[in-house]
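Knowing the structure of chain G, use the given hints to seat chains E and F on it.
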Amino acid sequence: MKKRVLSVLMVLTIFTMLFSGCSKSASTGNEQNTGANAGNVTKDTSKENDVKPAENTGTQNTETQKDNNDSKDVVKIGVLTDRSSPGAATVVWAEAGAELAVKQINEAGGINGKQVVLVYRDTANDSANVAQKATELVSEGVVAILGPKGDGEAPTGAQWAETNKFPMVTPCTMNTRVTIENATRYMFSVGFNAWAIANMNAIYAEEQGFTSAYFIGNDGGAPGDSRDFFFKREGDRVKNLGSSQVAASVTEFSTIISSVAGKNPDIILGGIAGPNFVSLINQGTQFGLWEKAHYLGWYTCDSTNTSSLAEAGNYPYGRVHGVDLWPFWLSDIEGNDEMVEDYNKFGQQLYGQEILPSDMGYTWYIGITAICEALKTTDDWSPEGVTTALENVHFDTIYGKDLHFRDFDHVMNHTYYYVTAVEDTTGKWSIPVGEVYRIYKADEVLPTKEQMKAYAEEIGLTFKDLSEYK
Amino acid sequence: MISKIKSLSQKQRDLLGGIITVIVILVASCMATDSILDFMSRMVIYMLFASAVNIILGFGGLRPLGQGTYFGFTAYAYLFMVVRMHIPMAVAIPLALLLNLLLAVFIGIVCLRANDDMAFAFMNMGFNTLLWSLVQKMQIVGSDTGITGSVRLPFASSTKGNFYLCFAVSLICIVIIYFFLKSPFAKMLKGSRENIERLTFIGANTHNIRLTAYIVSGFFCGIAGLLYSMRNMGAFPAMISTNVSLEGLIMCLIGGMYSFLGPIVGAAIVTFINVQLPIITNFYQAIFGVIIVLCVLFLRGGLLKDKSTLNLDNSRKKLFSKGGGQK
Amino acid sequence: MTVPFFFQTLVTGLSSGMISYMMVAGMSLIISGMNMVNFGQGAFFVLGTYLTYTIAASIGFIPALIIAPLIVGGLGWFVERAVRPLFGKNMLYIMLLTFGVAYIVCDMMVLIWGYAIRLMKLPKFLNKSVAIFGIYFPTYYLFMIAVGIVIAVSFWFMMNKTKLGMMMRAIIKDREMVACLGINVTKLFSIMFMLGTGIAGLGGVLNAPITGMSPKEGLSIFANVMPILMIGGMRNMNGCLPAALLVGLVNAFGAIYFPQYYNVIPAALMVICMFIRPQGIFTKKEAA
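Chains as they are written, first to last, in the numbering used here: chain G, 1 to 470; chain E, 1 to 327; chain F, 1 to 288.
Worth flagging that the hints you see were computed from the coordinates, not collected in a lab.
On a predicted model such as this, the values are computed, not experimentally measured, just so you know.
Possibly wrong hints are sitting among the right ones.
Stretch-level coverage of chain G by chain E, calculated; a stretch enters the list once three of its residues show a Cβ under 8 Å from a Cβ in chain E [stated by the list, open to error]:
#1 126-132
#2 201-211
#3 367-380
Away from chain F, derived, C-beta distances all over 10 Å, residues of chain G [to be verified]:
#4 Ala-261
#5 Glu-384
#6 Asp-407
#7 Leu-461
We put the beta carbon where it would ideally sit given N, CA and C, even for glycine.
Bound conformation, chain G alone (with noise of 0.2 Å):
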């Protein structure tokens, strides 16, 4: 009797969430506890119970609350984030970065006298979400999407974007092959770019006299590619002593560094990120690795990778450098100061964190202040009149001017800190901070357009020249 009861229950609770699933609203949300703890009242399985009440405090009910105020004051930016595959382990980082930049637009009176809000949308990583959440979005009525966060759901969006028309800005590091494939005037980058990247670790390759390297990199085209152009760039010089790719899951990497030690080369190309690049560095400290070789990579001094390190009390300053976008660490930038502290406020806030500067929130803040200058220059704020601002928008920031996507491929032309990571002699930060090698203009590193068109040929492919469809 007992468990039949509790079997209706169950099933009513089942049918509960899915019927407040439909309706979307706040308050359901308080239902769906009470329906489901009913249930757990004689099971002794106290530790289910835990998670539900404090679901309700921490929730990103953003988008719910927002949708009750009045839709005429607001605009509406479309956000596709990932809060949980293993990949959310950045998210923090990154959402904060976005708000950042509502944050400091609100304030300076929002566009046209409208506040901007952010409506987010959780794909997990997985391409299959991204059309439909992108959907959804636009029936939510937002007016530009930022994402998709992974790199791998990149040419999904692209997609998604050239099919419906809809303008996006994404943050990933698209590799070249994918960014000639999916080449769409509806799709913007503001990410790394895989190739200039390359070029930046070549040319410091070059200048210091390395003569032999070995690369490490996640599975995926972006690394792929950072290795690649190198040696195309450097095959002369630096000798390639083999690369070994490995999936993000993957912890151990004892075996690869032994193998690698034994080649003894110059440098490392580094082509990880997060738990992967936390565990590496680490191992490598451990077998003694970097007091043979350097490191080169990108998000050299992003913290979502360093915090960790630095408080484990492993890293090998001195040793490893790349390329960064944001420099946190030259306070004497105006403004730079207070907004390290927002960024970290916003943390807090969204999902009690604390949490230091990091490239990735850098690129997400530059994806919607794009968005929102593209907005301020014209009033007509359908897709194509979205896409149209977005190609032709400039504007700057407290690091650079003039930023703006490049015509013939919408990559945003930032400008690329080389770094050398190192420790912080000021005692203000606890994570590495940069010693600038190089500052890099967009031009000098970004492949041009006939590079492009080489390449495409090279594997087969059309060259979309994107300013021609403006």
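Quick look at chains E and F alone, frame taken from chain G:
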């Protein structure tokens, strides 16, 4: 009224349930927006996938932890042929399905060799993981981005058109599965689920029966994968991962392993949860976990049950409640 | 390949095998003893890691080695109680229930510790290198091998020389008979499960200082060690250690010759072994 429904035979119940589902879906699709149509095509595809998994799970009694292999493999084969090798779609579709069939035969033979249930389950999962890792390594199948391309059939390229195509194909396949499960072969399959030793004594080749069921299951999973790749216009590593296989199992579990309509209902519920819950809360995976735990503990056998299973359960209860026998 | 390099690779392979052994040993015990698969093992592993971060920060690493597995084992006790009504029923239910538990535990970790990637500071006496035959080898990896050997030996000792172990071996062979003899099988099952998850927690503790972990990895980490289970033989606990070491060694040498396909090696090895000996390489064929 309720007694009238109870007195319907299993066949009539299935028919009634099926017709109601089809009508509900068709009606909902007429007034649905694009994003809801997207969601519904995903739901319909997963209904086919869950029914296919249930052939070997509920009716075959084995535990296939790796049916996602066929789901993803067909998608990749199809995309690869159309986008990279430029084979026309009309040729690529049967070719992809054929390759999938061959893979199912190969894996089926290897996995069923050991004659051990647990080994079967884990070998299955092992192949799934192997293929998933391989797909992510090879640049030629797109590594972590997968292969994208416009692979929808020309007469079904809009969201609405594609939905109706998915719906029609899924409906036909599910009906075929239904008739397959009513055949004498399926009776033997159910027998191998209940008491395999007795069946062997009768002289039936249980190994071949299971193998055939596995191949059929893999084939229909492949068709579901093909439809999914058309819906997404791409094949991604997530499609061939173990998460898909486990989701298929969960759908069958929640909906009811021993009935025909069970997996279909389960697919609807799980897809709904996966798509709608993340909008409400960040911790939707925990809630999903709680639902699974509660379902397993209380709703063993799922929401829907076969009439024969229900009768069996009732008679068992009567037997025990009369004080006879031990629990 | 030079001799020092060979030895370094050998030791590396053994140590990486030992870490995998920790996660798998518990699972193997649970499978052979209780005939159920614990899909949530990865989540317990990661939970052990996260508990270490907190405990080591306040008390220290060595106490964490003892406390964290106890806490994880305690959680395992709760899970076992939830699983109890399902004994004897279809194995699938238990698999899916533990999978659901894994989801819940992972989200619980996100709730308590947040999303960030974490690493732990190595205690000073372990953060060095030691020269063996002239090759420098990190002390911590030797420490891991040592702990692994200690665990393996104590396990073997417990299983073969103590009364508790005798009862457990009996349950593995013939559960009903043991119940008939009047021994409290349910209590033993609890102990088995707690042991199993506790060992996984210990593996997580050892993992904490060297690997960056994020909470959601608990769901996927299990797939990395599943090949070891298969190669060692699903129901053979003794096959676990040699299988783990074998996979570790093959990984180590494979990393030199097949660096690109490095993490496919365990799965490929598993498929090959299944072809040759489906019941597991280290299992004797049971007399019919």
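Hints, one by one, checked against the model:
1. Figure legend: the region 126-132 of chain G, annotated as covered by chain E; annotation consistent (6 residues with Cβ-Cβ distances under 8 Å, at least 3 required).
2. With a threshold of 8 Å between beta carbons, the proposed coverage of the region 201-211 of chain G by chain E is violated, since 0 of its residues qualify and at least three are required.
3. Taking a C-beta to C-beta cut-off of 8 Å, the region 367-380 of chain G contributes 0 residues in contact with chain E, too few for the three needed, and the coverage statement is violated.
4. Annotated as non-interface, Ala-261 of chain G brings its C-beta within 10 Å of a C-beta of chain F; the closest such distance is 8 Å.
5. Interface exclusion of Glu-384 of chain G from chain F stands, the closest Cβ pair being 37 Å apart, more than 10 Å.
6. In this structure Asp-407 of chain G is separated from chain F by more than 10 Å, as the shortest Cβ-Cβ distance comes to about 37 Å.
7. Every Cβ of chain F is farther than 10 Å from the Cβ of Leu-461 of chain G; the closest lies at roughly 24 Å, confirming the non-interface assignment.
Of the numbered hints listed earlier, those contradicted by the structure are 2, 3, 4.
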